[in-house]
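Peer 1: Now for the letters of each chain:
There are 2 protein chains.
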Amino acid sequence: MKKHNFSAGPSILPPEVLLKASQAIVDYNNSGLSIIEISHRSKDFVDVMENARALALELLGLEGKGYKALFLQGGASTQFLMVAMNLLEKRAGYLNTGAWSTKAIKEAKKLDDIYEVASSADANFNYIPKGFDVPSDYDYLHCTSNNTIFGTQLKQIPQVDIPLVCDMSSDIYSRNIDYSKFDLIYAGAQKNMGPAGTTLVIVKEDILGKVSRDIPSIMDYKLHIKSGSMLNTPPVFAVYTSMLTLEWLKAKGGVAAIEKENEKKASLMYSEIDLNPLFKGFAAKEDRSMMNATFNLTNDNLKETFETMLVEAGISGVNGHRSVGGYRASMYNALPLESVKALVEVMSELESKA
Amino acid sequence: MKKHNFSAGPSILPPEVLLKASQAIVDYNNSGLSIIEISHRSKDFVDVMENARALALELLGLEGKGYKALFLQGGASTQFLMVAMNLLEKRAGYLNTGAWSTKAIKEAKKLDDIYEVASSADANFNYIPKGFDVPSDYDYLHCTSNNTIFGTQLKQIPQVDIPLVCDMSSDIYSRNIDYSKFDLIYAGAQKNMGPAGTTLVIVKEDILGKVSRDIPSIMDYKLHIKSGSMLNTPPVFAVYTSMLTLEWLKAKGGVAAIEKENEKKASLMYSEIDLNPLFKGFAAKEDRSMMNATFNLTNDNLKETFETMLVEAGISGVNGHRSVGGYRASMYNALPLESVKALVEVMSELESKA
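Top line first, the protein sequences correspond to chains A and B. Residue numbering for the first sequence follows UniProt numbering, beginning at 1 and increasing consecutively. Residue numbering for the second sequence follows UniProt numbering, beginning at 1 and increasing consecutively.
What the hints contain is simulated information worked out from the structure, not anything from laboratory work. No false leads were slipped in.
Pairs count within a copy or across copies, as identical chains cannot be separated in the list.
30 angstroms max Cα-Cα, derived DSSO-like pairs, lysine-lysine:
1) Lys-20 - Lys-43
2) Lys-210 - Lys-110
3) Lys-204 - Lys-103
4) Lys-226 - Lys-43
5) Lys-2 - Lys-303
6) Lys-280 - Lys-43
7) Lys-103 - Lys-226
8) Lys-43 - Lys-2
Nothing here was measured: the structure is a model prediction, and the numbers come from that model.
Put together the whole structure using the sequences plus the hints.
Peer 2: As structure tokens, then:
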């Protein structure tokens with residue numbers, strides 16, 4: 001039985017992507033070789049990398065606007081360091097909206113001066129701070145567009161005159177915003193884009209080359225750009241599967257089309273949370289994430305019954321993060337509406353039983 | 001037609017590993033979910049990671065000897081930096097045997113003082129320097145066990161009283177040496193261990209924690225060890241496929257058994273290079289690599305004929321690196337003897353034609 005996969009990441013991928021990826025492991029395009037046992041310098045793989053890089057920009061409406069796309073390794077956690085190494089000269093501003101922002105701040109602080117422009121740590125990050133000021137002589141402002149753990153999402157893109165850097169790991173390609181407001185976007189692939197093992201970095205070239213430090217080669221965006229995202233052997237399978245997922249998204253009509261589906265899923269989910277007296281949402285309503293709905297039972301005695309019903313319905317991966325507790329329904333691009341319907345049905349069945 | 005795959009890396013993997021990896025992409029162990037769409041914190045994947053880490057040590061005879069195995073991201077190129085960040089306090093020695101050693105030296109130099117204890121750059125790295133001295137107050141000695149580009153291999157493990165660090169990317173698990181002479185071993189997976197996208201690091205814990213710098217979290221071996229190689233989301237597919245390859249090696253009888261096969265393949269290959277007047281080996285005979293045989297045609301006019309014959313015989317990936325030219329036959333663990341026989345046959349056929 002195929003399950004309803006609400007996993008927070010690594011997370012659900014389209015079945016047709018999984019099937020193609022699986023076939024390429026055995027024989028890539030009738031070449032007699034697997035995609036994972038050919039040279040990354042072969043035409044076959046260079047084509048994959050170039051196609052993935054082009055699609056990454058095209059689907060965000062960023063082609064021809066001075067941006068380059070890179071498929072790197074090391075996750076967003078490596079980007080916490082890399083962003084600071086490439087952009088931090090004197091002082092940067094960070095908006096602290098959760099566990100990932102906090103980590104990004106910690107790593108950047110090891111290199112230089114960091115100022116928290118605002119934080120919602122006072123309320124266990126259940127909202128997004130608004131109305132903060134960012135001095136115009138800062139090197140950049142760093143924000144996190146979606147907070148998987150807490151289920152909040154940045155709805156207003158900060159208006160600043162300095163480079164704007166954003167960790168979009170958990171909502172890139174899910175909504176139709178003006179991506180050109182950002183100068184550097186990074187995202188671990190394992191939510192909306194592909195399997196774990198590669199990190200997309202999209203950077204406007206003109207913000208680079210302005211720091212005085214001697215950047216280690218493997219941390220230097222300029223060197224990665226110069227080598228066509230092949231400064232060293234890339235994570236072949238993760239890049240290939242990301243390319244397939246981006247092709248799938250394009251065929252569906254791109255970000256504008258998937259946004260409509262995501263809105264439908266989120267709306268159904270949050271309606272149930274709000275109307276069912278047995279459940280209570282965690283995040284402030286105006287900051288609710290379209291990707292991750294966090295909620296708790298209002299009566300903990302129902303925990304066992306509810307969780308048994310979830311298992312029986314084939315619903316997987318809805319346990320909340322330990323720092324919030326309760327439940328989290330991650331509704332990434334590849335999750336079908338019917339999975340949300342299945343979850344909502346279990347929730348409403350619980351209500352009729354209780 | 002399945003090809004004879006001599007690719008230098010990413011390179012050939014055992015067919016049974018490819019098949020299992022391919023199945024797990026569609027449905028992992030009848031769970032109804034793909035291995036790449038489940039949480040890395042799920043029992044299913046934690047078991048994979050722990051099994052891979054244990055096998056990595058066991059196959060090198062390093063269990064219970066104070067070592068930890070990590071499956072990281074970023075390739076050997078990231079290790080060039082990470083080794084220095086974790087171990088370099090004042091000065092370290094580097095043995096320069098090729099392009100990868102040269103890069104390792106360059107990156108470490110950005111952090112502190114590096115001394116080249118010996119180099120074979122004078123002869124385009126066609127031999128391994130011997131009889132060098134390493135001061136006993138250095139932080140560590142770094143060497144490269146096998147040089148894919150030049151086809152040389154370190155036969156004598158340097159005898160030093162300081163920590164010995166080795167880049168074994170292209171010959172780990174291929175030969176039966178005393179791995180406990182090393183204190184830190186690192187290896188990109190994409191030769192003998194798995195697909196591109198993960199890097200094995202094996203480190204003796206007691207050499208860590210001795211530098212004064214504030215190591216960035218993602219670069220800190222101690223933090224990776226503490227989190228069970230899951231400081232951040234690991235490259236799930238690459239770790240899983242590496243585990244399958246290590247299981248395959250164990251079932252074959254381990255490193256001692258594969259060494260015998262590798263010796264047979266290399267011996268057949270080098271015999272042909274030495275006995276066939278149309279070919280000439282590149283590396284000094286006593287330093288020849290069992291993994292990568294580098295050779296040139298003695299008469300360049302035969303190039304086209306030879307290369308056409310290679311294609312017709314289904315032989316793939318034998319082009320030499322641009323810095324050496326000619327040909328390179330990479331004979332990693334998964335390459336069957338019959339593939340070497342097929343190549344040798346083409347070489348000897350060329351002789352009979354010429």
